[in-house]
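Enquirer: Sequence:
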Amino acid sequence: MKLATWNVNSLAVRLPQLLDWLAANPVDAMVLQETKLVDGKFPAAEIEAAGYRVVFHGQKTYNGVALLSREPADAVVRNIPGFADDQARVIAGTVAGIRVVGGYFPNGQAPGTDKFAYKMQWLDALRAWLREELAAHPKLVLMGDFNITPDDRDVYDPIGLAGQIHCTVEERNQFRALVGLGLHDAYRMFEQPLKCWSWWDYRNLAFRKNQGLRIDIILVSDALKASVQACAIDKLPRKNERPSDHAPVVVELG
DNA sequence: ATGACTCCCAGTGGGAGA
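Read in order, the letters of the first sequence correspond to residues 1 to 254 in my numbering.
The hints are simulated quantities; they were obtained by calculation from the structure and are not laboratory data. One should not assume that every hint holds.
The calculated lysine to any residue pairs, modelled on SDA-like cross-linking and capped at a C-alpha distance of 20 Å, are [claimed, not checked]:
no.: 1; residue 1: Lys239; residue 2: Asn210
no.: 2; residue 1: Lys195; residue 2: Asp157
no.: 3; residue 1: Lys60; residue 2: Ala23
no.: 4; residue 1: Lys139; residue 2: Gln229
Use the sequences and the hints to build the structure in full.
Expert: Encoded structure:
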């Protein structure tokens, strides 16, 4: 079983690339972030024509998430239950017996800002909800754009970016707390080359210089850990014309 | 160098992203 996550940075712009990618990389389920579409404009028919069921939770201009799956998703949840939020950042559903949770974690802008405080509150709420989800669904995958670098290996310039957004102690403590629920960073279950990222800034020739961050992450629960066969970042789409600034990440469960 | 690009909604510019 293959699962994937991709921050597409506007599905209106990236739909052709998504369909191309799915044709080359068939998956059982996939979560998308930053669709940036209200639900009425979501291209459900095009995605269904490619052989996928799809549920989504969008808004105007910003954010927006979707869950694609070969089999229909059951018990779909939009956003974090009990956490009032006008930003569309979470979609979850059960696909072929696995609880799939897709998240577009808040950016946080900079430590000390209101947006950083929101990021911390959102992460607290996510963790409290996931504790319940894991109790109800031991086979769970949490994946998406975390907007957190788990540690310095995930940063192209860990000294220059120390304490900056995505690299703060507070964010990394939140990541560790999520892992502490009984989750495992699938990418780090395998030996990986150095300097592999999932996001490269559009500016500064960052992709050409391979200056990026690994912030798109797949966490698998204890009950799934032994079944993980592989996890990889697919940087090919970042070489496309008009690419998303993020690359897809794929996990294979045996 | 508080830059550089891309997307969006706007409306001949500005916010946000990370």
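Enquirer: The structure should be examined with respect to each hint, and the outcome stated for every one.
Expert: Taking the hints in turn, this is what the structure says about them:
{"no.": "1", "hint": "Lys239 <-> Asn210", "verdict": "holds (12 Å)"}
{"no.": "2", "hint": "Lys195 <-> Asp157", "verdict": "holds (10 Å)"}
{"no.": "3", "hint": "Lys60 <-> Ala23", "verdict": "violated (28 Å)"}
{"no.": "4", "hint": "Lys139 <-> Gln229", "verdict": "holds (15 Å)"}
Checked against the numbered hints above, the structure breaks only hint 3 and satisfies the rest.
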